[in-house]
Amino acid sequence: MNAFTGTGDATGRGGAPGPYAATGRDALVHRALLHRTDREFATAAVPYLREGRRDGDALVVIASAAFGDLLREQLGERDAAPIEFPDRDAWFAGPMHAFAAYHDRARADWWPRGRLRLLVQPVWEGRTALEVSEWKRHEALINVMFAGTPTSMLCAYDAAALPGGVLTDAMRTHPELQDAGGVHPSGRFTDPADVYAECNAAPLAPPPPDAARRIFASGELPGLRAFLRGEAVRHGLPDAACLPFVLAVNEIATGIIRDGGGHGSLWVWTEGRELVCDLTDPAFALDDRFLGYAPPRGGRRGEAAMWAVRRLCHIVEIRSGAHGTRVRMHVRLPG
Amino acid sequence: MSSLHNGGPGGGLDGGPDGAPARTAVGRMKFGDHLCLTYDNEEERYAVLMAYIRDGLRADHKIIYLADQENPRDVLERLAAEAGKDEDALRTAADEGHLAIRPIIEAFMATGRFDPDETVALLGTEIELALVQGYDGVRITGETSFSVRGWPGTEHFAEFEHKCQQAFQAPGTRAMAICQYDRRWFGPDQLRILESCHDGRVRVDDLYADGVLTITPTFTPPGLRLTGAVDESTLPGLLEALHGAAGRAGHLCLDLSGLEFCDLEGLRVLIGAGREGASLERQVVLRGMPDYLGLMMRLAGWDSAPGVYLEGAIR
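Chains as they are written, first to last, in full-length UniProt numbering: chain V, 1 to 335; chain S, 1 to 315.
Chain V on its own, in the form it takes in the complex (with noise of 0.2 Å):
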């Protein structure tokens, strides 16, 4: 049976969730745990995990200091050994950065190992409604970007607590769904792509009349770099993040001049406790499909440049059409 309410007819099952449905021993499994109590959360994970210690999968979990210690007890010192426990929040501290770490620690330290088995409890407390879409976005682009790695992910969502708009967006997410009811397929499973685009539905409004505005061209990137420090500062950017702000915001600058329409328009400002800066180019579309949230592998120039700056932002927002294309990028203020 499920164990929420109101989605036993949505969630068809043996609906086709296509492309991302997992088969084979190098095939991504990506499922929400949709659960109401922590006891349907440990009845869920500690079967997981003792399972992946049995296969002997590299084994890491993601999540509350409660729930982390709720493991540990039911899974006994020698089956919570192997587990790795990064910290949650520094982890989840925004949707690149997260997606960035699972990309360089599963390379580094958990694929060489053979099987990576993920237990992960993703944060939704105090996030902005653009952070909210950006992690809808993120859960959407792990399938595309681990398809074919020997990778689990559960992604615990609490079905008692999380708004209905974050269930609804985990079932249209995860190919595959667990509740007390067992495993079974998302018949909400709704293609990455799609989901991408939604995210870039909604126009970004305009920049606030206050905003600082330089344009730029071929040859002023080095005044315009100036610019931006000092803005960075006035506005309160730490020292150490005003260089990567700017190596940002120089790149798509550069993009922008080199691949682009050859100039634009910079705007900077701050919004709540984030410094903002808009690029736009008149003229050039950009082709974003997914653009940037892979490590660059042929050495296609757009492709590094957008890898490099959403690492170095907190979010990255672009809209590009028929009118030219505008990058927004948001960076945290300390405090």
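The set of hints was computed from the structure by calculation and includes no laboratory data.
Just so you know, these numbers come straight off a predicted model, no measurement behind them.
Mixed in with the good hints, there may be bad ones.
Stated by the list, open to error - Partial list, derived from the structure: chain S residues whose beta carbon lies under 7 Å from chain V: (1) 212; (2) 264; (3) 300.
Backbone N, C-alpha and C define an ideal beta-carbon position, used for all residues, glycine too.
Position chain S against the provided structure of chain V, taking the given hints into account.
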């Protein structure tokens, strides 16, 4: 990072480390300059000398080369071998007296010993004669290794250098000089005394300087020193300098300690620098890589690129 871009154009004049004498780029020398070329290897020596001679021929200055060797032909052959595409021009200049190679021994003939006053007077006559002949100025360069051979009078060599310095500082001088000091022949204390008789040291010209990025050749080890910023506008300068460096032998050391900014494309080019040129696999040593570039390399996933060696402690 103190500032994101270079304060001003590469002025060609910079102080050396540890309060060493100021260094003037050879291409920026002017009349009255009396500089010493303290060199560790022949590549460095000839990079400066050939620029000095080339600039002089172009400006219609007479060039007087005081050689520690009796046969001027041998000296000319040595210079011609380093002249590259200017070899013919160099030989023509020697034939026409535009480039005069004088064995230092001639300066001794008058008195049979090294006499500072005589030698300065002799140089004065040479300069005057060249100007009378219609040259726009005179460039002198002299080898100095004879001074350590213990020939009679050479204990007064520092005095000679001191007198030269006074002579060149006279107002209206239309002459300049470079004294060549092979560091392998002189002790550090001796060099310090001799250097103090000059306006400072001469150094090789920058390969590139546009106010944002300066690229200077280095010789020990062979490579390039980058100062300022690499971005879309200065990248062509970097590409050209690396292309030129590809012809040099051995590994390539890129000193990045003064690189205040470098974009991803620039970093990609620096990492790929070893792939051009030399037939053998050549290694690129990235020296003094700033923290932010190490970060960019990790972010881009390039920190394990083959043929690249990150040297020493990262700044």
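Evaluation of the provided hints:
Nearest Cβ of chain V to the Cβ of residue 212/S: about 5 Å, under the 7 Å cut. The hint holds. Hint status for residue 264/S: holds, given a least beta-carbon distance of 6 Å to chain V, under 7 Å. A cut of 7 Å between beta carbons decides the hint on residue 300/S: the least distance to chain V is about 5 Å, and the hint holds.
Going through the hint list in order, the structure satisfies each hint without exception.
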